[in-house]
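Residue numbers (the numbering used here), protein chains in the order written: chain A, 686 to 1034; chain B, 101 to 395; chain C, 4 to 335.
Hints listed in this document are in silico derivations from the structure and should not be mistaken for laboratory results.
The model shown is predicted, which means the values in this text are computed figures rather than measured ones.
Worth double-checking, as some hints may not be accurate.
What the hints assert, rightly or not - Covered, in the sense of this in silico footprint (three residues per stretch, anywhere, with C-beta under 8 Å from a C-beta of chain B), are these stretches of chain C: (1) 211 to 220; (2) 227 to 240.
Said to hold, decoys possible - Derived pair list, reagent style SDA-like, types lysine to any residue, alpha-carbon separation capped at 25 Å: (3) 993/A / 270/C; (4) 131/C / 767/A; (5) 886/A / 832/A; (6) 251/B / 286/B; (7) 325/B / 289/B; (8) 993/A / 154/C; (9) 731/A / 156/C; (10) 132/C / 787/A; (11) 696/A / 216/B; (12) 132/C / 1019/A; (13) 29/C / 941/A; (14) 131/C / 247/C; (15) 760/A / 244/B.
As the list claims (entries may be wrong) - Pair ranges (Cβ atoms, derived): (16) 837/A / 282/B: 53 to 63 Å; (17) 837/A / 159/C: 40 to 50 Å; (18) 16/C / 914/A: 26 to 36 Å; (19) 825/A / 82/C: 35 to 45 Å; (20) 196/B / 243/C: 19 to 29 Å; (21) 213/C / 180/B: 21 to 31 Å; (22) 173/C / 698/A: 45 to 55 Å; (23) 279/B / 217/C: 27 to 37 Å; (24) 914/A / 30/C: 17 to 27 Å; (25) 735/A / 322/C: 29 to 39 Å; (26) 732/A / 269/B: 51 to 61 Å; (27) 175/C / 257/B: 35 to 45 Å; (28) 777/A / 30/C: 49 to 59 Å.
Think of the CB as a built atom: it goes at the ideal place given N, C-alpha and C, for glycine as much as any other residue.
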Amino acid sequence: MSTATLMKPQKPWQASTQQRLISASVFLVAAAISYGVVAATPMKGKLAYVFVFFASLSVLDFFFHLVTRGISAAKDAVARTVVAFGICVAVLPIVSILATVFMRGYKGLHFGLFTHDMKLNSVSDPIAQGGLLHALIGSTILVLVALVISLPLGILTAVYMTEIRGRFMRPIKFLVQAMSGVPSIVAGLFILAAVVYPLTKSYSGFVGSLALSILMIPTIARTSEEVLLLIPNDLREAGVALGGTQWRTVAMVVVPAARSGLVTAMILGIARIAGETAPVLLLSGGGDQVNANPFSGPMGSLPFYIWKSYSVGTEESITRAWAAILVLLVIVLVLFISARLLSERRTNK
Amino acid sequence: MTTSENQKDPEKNMQTPSVVSSLGSVAKTQSAPKSPGSQALGVGLEARGVHAWFGDRLVLEDMSLDFWSGTVTALIGPSGCGKSTFIRTLNRMHEFIPGAAMAGSVLLNGQDVYAPGTDVTKIRLKIGMVFQKPNPFPSMTISENVLAGLKLAQIKVENKDDLLQECLERAGLWNEVKDRLGAYGGSLSGGQQQRLCIARSLAVRPEVLLMDEPCSALDPGSTLKIEETISHLSSTMTIIIVTHNMQQAARVSDYTAFFLSDGGPGKMVEVGPTGEIFSRPKDKRTENYVTGRFG
Amino acid sequence: MSQDLLSAVAPPAKREITTKPRFSDKVFRGVVTSGALSSLFILSLIFLFLAFQGFSVLRTEGFSFITTSSWQVVLDDAGNIDPTATVFGLGAMLVGTMLCAFIAIIVAVPISVLSALYLNFYAPAFLKKIMVAVVDLMAAFPSILFGLWGFFILMPSAEYWAKLLHHYLGFIPVFQLDPLVFTRSPFVAGLVLAIMVIPIVTSVSREVFSQTPLDRIQAAYALGATRWSMIRAVVLPYGRSGIVGGAMLGLGRAMGETVAVYTVLNVVYQVNWHVLLGAGGNVASMILLKFGEAGPQEIKALMAAGLILFLMTLVVNSIADFIVARSGGKGR
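Bound conformation, chain A alone (with noise of 0.2 Å):
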């Protein structure tokens, strides 16, 4: 390192300060533009400054490379724009989303939500009566028995795939895929014919749960067969050659390795049947006491508090129905960020 350490690294093709003040100030010019045409003309609204703004970025950026580098920059300029619009658009509805649900629901928070049923309470009734226990406690039996029907079968499916790749691995592989797009409502309405005509006759709290497996097992399945395709091939070779039994290595050696990434799994599975409504509406009921028997009786829900407020439709009862969103939305983002901090460990180590 004799030489070296007089030549410092540098990156001569990031772009100048030159540069930077060119594309800032194209930038601005269009911001201006946006603004003064949605002054002018009668095009309103907030999104009509994006579509302004964009356009007359392209237009700009089109005609300054276009006289500077000539038209296949010109171009590759016009593609950056559309692209970073494109990016834009479908980033909008999701800040629009969480914005809306934070400002909306945070009107109706109160501690009394995690202390209160609805059982002396109708939702219309002033927001800091009544709460959410009956509906948590459902949602979070719900979940769980679901849970326990699913990552079993799940996890299996992901192993067949991983470690016995037997001669059913394309049709399985293809039947979970199909298996992820059945819709919720379909899943519903099987339990229903399956179930709940031919023996219960009744809602209660684990029909529901059967017909959430039936959305949670692909996505545990999938997730669960990425992470073991990570699982370093020499681990089971290892395994196999210390003789041990397929058995053994797969149990002690190959779903210990993968175990964090089996519990994002399991996350992410919990993640998307947390707000699945319309099984829920068609096979659980929805009770306004808290019932922790998942065998009998009316379980109420989130989604289905949710719905039953949001349908109501008066000013409480809305008020009431973007709450529990809210909570519902937490309660997603920190599963799904759970989730996140965990493969991001593992990706790591």
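Fit chains B and C to the supplied structure of chain A, relying on the hints for placement.
Showing chains B and C alone in chain A's frame:
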């Protein structure tokens, strides 16, 4: 200078004497071959103190080398000594690797290709590249592949068929494919695909052609054909070829540079006319390498 | 070439390698295989039970169950179902399903492809990571959230856009409107569905684009391509079938969506292909609507409708799966 002018008169660009004289002195003192061959048209491409990093790791240290027009320069050395990285700095392909950085300068006809405001696509038009693995575009036919560069860089050419035939002839492929120009590029054999890639590079009339181990994925027969192509091309352009095959370097090149890395960054040990490098190398390490004692 | 050599020397017959698996492994393989076959088991059960429940309706209605468009339960004076006047025809809702789903795909696919291109080839590393997480998060949002957001936030804007479309493009038949009712139209439902499928199509396209062979990308750049001409020459031809497959996956999702459509669409049983008119529906939302007050006979008809919906999504998903699987690892 625009590309279209360049298209019409490639020789004009190569004979820019002012550039040679202004920079010749630097070149001579450092690394220029002692006696440029009679066919040399001048210094086409010059590397000045090129360093390259991947992240924090310095992989190439202080590389200064001149490449004369009308000559073939071979870069030899063991794996991991920075040969490929070096030629990728020459046509600015190095910067695609995340975390890559460089220092120093690369001059094409006296102009720094890394100068701010340089249009990188124009640089790559003038410095073509052939890769290790043949990589024709599989969704295009043979003729579309050859003319792909024109389409990509939006260059208008008046007589496409003439250009197509000329490029395929220069690449030594015309007789083999003239009856099936509409076939897909993937239908050719590996050696033919590689010559198709050479023809594709020639269609935009580059002044310099970089070849990164162009024969390492090919059988000996195809290798021979590519080597013939290289010697045909060398009279009109600058060719830089990275190779692991020392016989190949001896066969096709006019000058040879030997690169070595002692575990740290790659450095150039020695450069000179190919005959001298292989018969009377000045450095002990070069001698060990070319006689097959290591590497 | 090596294969020619091999066949020329006529290789000896292959020895069969047999191992006698241990008992524990046999049990293990049996358990895992039967667990893995649960998906087959469940899907067949869905088909069988829905077919069983819907059989009587499908038999009486025959083919007209999907071709005719009237859904009427007529009771006679005694309060029993009058079998001659009662008709179940799913046609209008099938039209509505396809209409909403196609609007969704037409809107979502270009945006998704652009987003996927941005994420793969334009975004700086840190932004890419955030954006990918945000788009994936959106795929995990519950559908009722999209429904309520669509109803309260999107609908006012969407009505305004619908009026613009009607005003400037009203001469095109699909944008015509007779009673000027813009509220809760298939157009709005399609937009909500588009927003729901954008994450799916984006992530499939992103996956396919990221598998573009690096040597082709480099070859294009080495020929002096700009980023855009490289994308057009290399990435899009390579990823084309992946985009189609992703679009089909999104179509399947959009066809089966229930709650979000029910929330934003004015579910009316009529054939409506005027996208801006505030009436329509899809099969899933109709099942939810009719289910509450349905008698035994109508529930059977709803089961049959569920069966049709199930088969439709199955077909669309199979095509999608076929296309995506074929696009991987293939040259062009």
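Comparing the hints with the structure gives:
1. 211 to 220: Result for this restraint: holds, n = 3.
2. 227 to 240: This one holds; 8 residues, not fewer than the three required, reach chain B with a Cβ under 8 Å.
3. 993/A / 270/C: holds, 18 Å
4. 131/C / 767/A: holds, 17 Å
5. 886/A / 832/A: Roughly 24 Å separates the two Cα atoms, so the pair holds.
6. 251/B / 286/B: The hint holds at about 19 Å.
7. 325/B / 289/B: Status holds; Cα separation ~13 Å.
8. 993/A / 154/C: Holds: residue 993/A and residue 154/C sit about 15 Å apart, inside 25 Å.
9. 731/A / 156/C: Holds, at about 13 Å.
10. 132/C / 787/A: holds, 24 Å
11. 696/A / 216/B: holds, 11 Å
12. 132/C / 1019/A: At roughly 18 Å apart (the allowed maximum being 25 Å), residue 1019/A and residue 132/C satisfy the hint.
13. 29/C / 941/A: holds, 21 Å
14. 131/C / 247/C: Between residue 131/C and residue 247/C the Cα gap is close to 23 Å, so the pair holds against 25 Å.
15. 760/A / 244/B: holds, 21 Å
16. 837/A / 282/B: 53 to 63 Å: holds, 56 Å
17. 837/A / 159/C: 40 to 50 Å: Holds - the Cβ-Cβ distance for residue 837/A and residue 159/C, about 47 Å, lies within 40 to 50 Å.
18. 16/C / 914/A: 26 to 36 Å: Holds - the Cβ-Cβ distance for residue 16/C and residue 914/A, about 35 Å, lies within 26 to 36 Å.
19. 825/A / 82/C: 35 to 45 Å: holds, 43 Å
20. 196/B / 243/C: 19 to 29 Å: holds, 24 Å
21. 213/C / 180/B: 21 to 31 Å: Hint holds: Cβ distance 27 Å, inside 21 to 31 Å.
22. 173/C / 698/A: 45 to 55 Å: holds, 50 Å
23. 279/B / 217/C: 27 to 37 Å: holds, 33 Å
24. 914/A / 30/C: 17 to 27 Å: holds, 24 Å
25. 735/A / 322/C: 29 to 39 Å: holds, 35 Å
26. 732/A / 269/B: 51 to 61 Å: For residue 269/B against residue 732/A, whose Cβ atoms are near 57 Å apart, the range 51 to 61 Å holds.
27. 175/C / 257/B: 35 to 45 Å: holds, 41 Å
28. 777/A / 30/C: 49 to 59 Å: Roughly 54 Å apart at Cβ, these two residues keep to the hinted range, so it holds.
Of the numbered hints given earlier, the model fails none.
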